[in-house]
Amino acid sequence: MALRQLEERVPDFADLFEYVPFWDPDARTRAGLDAHGADFHYTVMSKAKHLYILHDTKRLAAGFGYRLVWPVDVAPWWEPSALGWLRARELGCARQFYQVVTEARWDRGDNISDPAVLRAACDAAGLPGAELMAAVDDDRIRELGVAALVSAHHDEVFGIPLFIVDRQRYWGVDRIADVEAAVRALRGAGPAVESADLLASLPVAALATVGSFDHDEPGGCG
Numbered sequence: 231m232a233l234r235q236l237e238e239r240v241p242d243f244a245d246l247f248e249y250v251p252f253w254d255p256d257a258r259t260r261a262g263l264d265a266h267g268a269d270f271h272y273t274v275m276s277k278a279k280h281l282y283i284l285h286d287t288k289r290l291a292a293g294f295g296y297r298l299v300w301p302v303d304v305a306p307w308w309e310p311s312a313l314g315w316l317r318a319r320e321l322g323c324a325r326q327f328y329q330v331v332t333e334a335r336w337d338r339g340d341n342i343s344d345p346a347v348l349r350a351a352c353d354a355a356g357l358p359g360a361e362l363m364a365a366v367d368d369d370r371i372r373e374l375g376v377a378a379l380v381s382a383h384h385d386e387v388f389g390i391p392l393f394i395v396d397r398q399r400y401w402g403v404d405r406i407a408d409v410e411a412a413v414r415a416l417r418g419a420g421p422a423v424e425s426a427d428l429l430a431s432l433p434v435a436a437l438a439t440v441g442s443f444d445h446d447e448p449g450g451c452g
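Residues 231 to 452 in the working numbering are what the sequence shown spells out, letter by letter.
Mixed in with the good hints, there may be bad ones.
As the list claims (entries may be wrong) - Now the in silico label distances, taken between C-beta atoms and shown as ranges: (1) A305 to V250: 36 to 46 Å; (2) H285 to G322: 14 to 24 Å; (3) S381 to T332: 20 to 30 Å.
Said to hold, decoys possible - Straight-line distance between alpha carbons at most 20 Å, and here's what the computed SDA-like set of lysine to any residue pairs gives: (4) K277 to V302; (5) K288 to R338; (6) K279 to G295; (7) K277 to F388; (8) K279 to E248; (9) K279 to W401; (10) K288 to G389; (11) K288 to A354; (12) K279 to L416; (13) K279 to F388; (14) K277 to D254; (15) K277 to D369; (16) K288 to D340; (17) K277 to V304; (18) K288 to S276; (19) K288 to G402; (20) K279 to P301; (21) K288 to N341; (22) K277 to R289.
For the record, the hints were derived by calculation from the structure and aren't laboratory data.
All values reported here derive from a predicted model rather than from experimental measurement.
Ideal Cβ placement from N, Cα and C applies to all residues, glycine included.
Kindly produce the complete structure, drawing on both the sequences and the hints.
Structure below.
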């Protein structure tokens with residue numbers, strides 16, 4: 231939701247930022263991280279907090295007017311989508327692949343951990359599904375995946391969405407206005423917009439659900 235909001239607010243957002251995938255690695259990817267002395271900054275949340283995040287995400291989606299079908303992850307395996315995106319980037323269709331995966335997971339609640347499901351979705355969108363799903367067995371793409379998570383480790387990424395502008399880091403859907411203001415200031419388009427003006431641009435329903443304080447991160451949801 232945060233990425234979608236920022237891409238809607240800043241038309242050339244995709245040209246200004248480097249997109250780096252971040253996911254809970256499987257055993258093979260984690261071994262690669264260990265070999266590089268890197269860790270995966272992620273804290274598993276409690277059941278109570280997880281349930282809160284589920285409800286809060288639904289409220290936020292409704293406030294933004296976004297369709298949301300919450301998927302049920304029985305045996306999540308994120309390599310097909312993450313490594314598939316890295317291969318799609320090489321083929322020049324990263325944006326289309328991202329859209330396919332996002333629609334499959336959040337619009338339909340499909341199991342994107344199943345390569346067959348993703349392959350069918352890619353094929354339906356005119357993308358080379360077989361080639362993209364073969365990324366999980368490609369040693370070179372696997373190394374790119376490890377490199378992406380090593381980069382995230384050094385940037386101290388602990389969950390998503392997280393945006394880095396200059397040396398400032400912004401995490402969470404309630405920071406999208408701050409990211410937009412930081413981009414504006416960095417580009418020399420004038421002073422950052424006052425907080426009141428930024429908040430006025432957000433849906434009232436969304437404002438009612440953000441801004442809470444916590445001492446840890448909610449597991450990268452949102």
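Verification of the hints:
1. A305 to V250: 36 to 46 Å: Given range 36 to 46 Å: violated, Cβ gap about 25 Å.
2. H285 to G322: 14 to 24 Å: violated, 39 Å
3. S381 to T332: 20 to 30 Å: holds, 22 Å
4. K277 to V302: Measuring from Cα to Cα gives roughly 15 Å; hence the hint holds.
5. K288 to R338: This hinted pair holds, its Cα atoms lying about 14 Å apart.
6. K279 to G295: violated, 24 Å
7. K277 to F388: Judged against 20 Å, a Cα distance of about 19 Å means the pair holds.
8. K279 to E248: violated, 31 Å
9. K279 to W401: holds, 18 Å
10. K288 to G389: Holds, because 18 Å separates the two Cα atoms, which is no more than 20 Å.
11. K288 to A354: Violated: K288 and A354 sit about 28 Å apart, past 20 Å.
12. K279 to L416: With Cα atoms ~36 Å apart, K279 and L416 exceed 20 Å; violated.
13. K279 to F388: holds, 16 Å
14. K277 to D254: holds, 18 Å
15. K277 to D369: Not OK: K277 and D369 at ~36 Å, beyond 20 Å, violated.
16. K288 to D340: At roughly 17 Å apart (the allowed maximum being 20 Å), D340 and K288 satisfy the hint.
17. K277 to V304: holds, 15 Å
18. K288 to S276: It holds: about 19 Å lies between the C-alpha atoms, which stays within 20 Å.
19. K288 to G402: Roughly 15 Å between the alpha carbons, so the hint for K288 and G402 holds.
20. K279 to P301: This hinted pair holds, its Cα atoms lying about 17 Å apart.
21. K288 to N341: Holds. K288 to N341 sits at ~19 Å (cutoff 20 Å).
22. K277 to R289: Answer holds: K277 to R289 is near 19 Å, not above 20 Å.
In this structure, the hints that do not hold are numbers 1, 2, 6, 8, 11, 12 and 15, in rising order.
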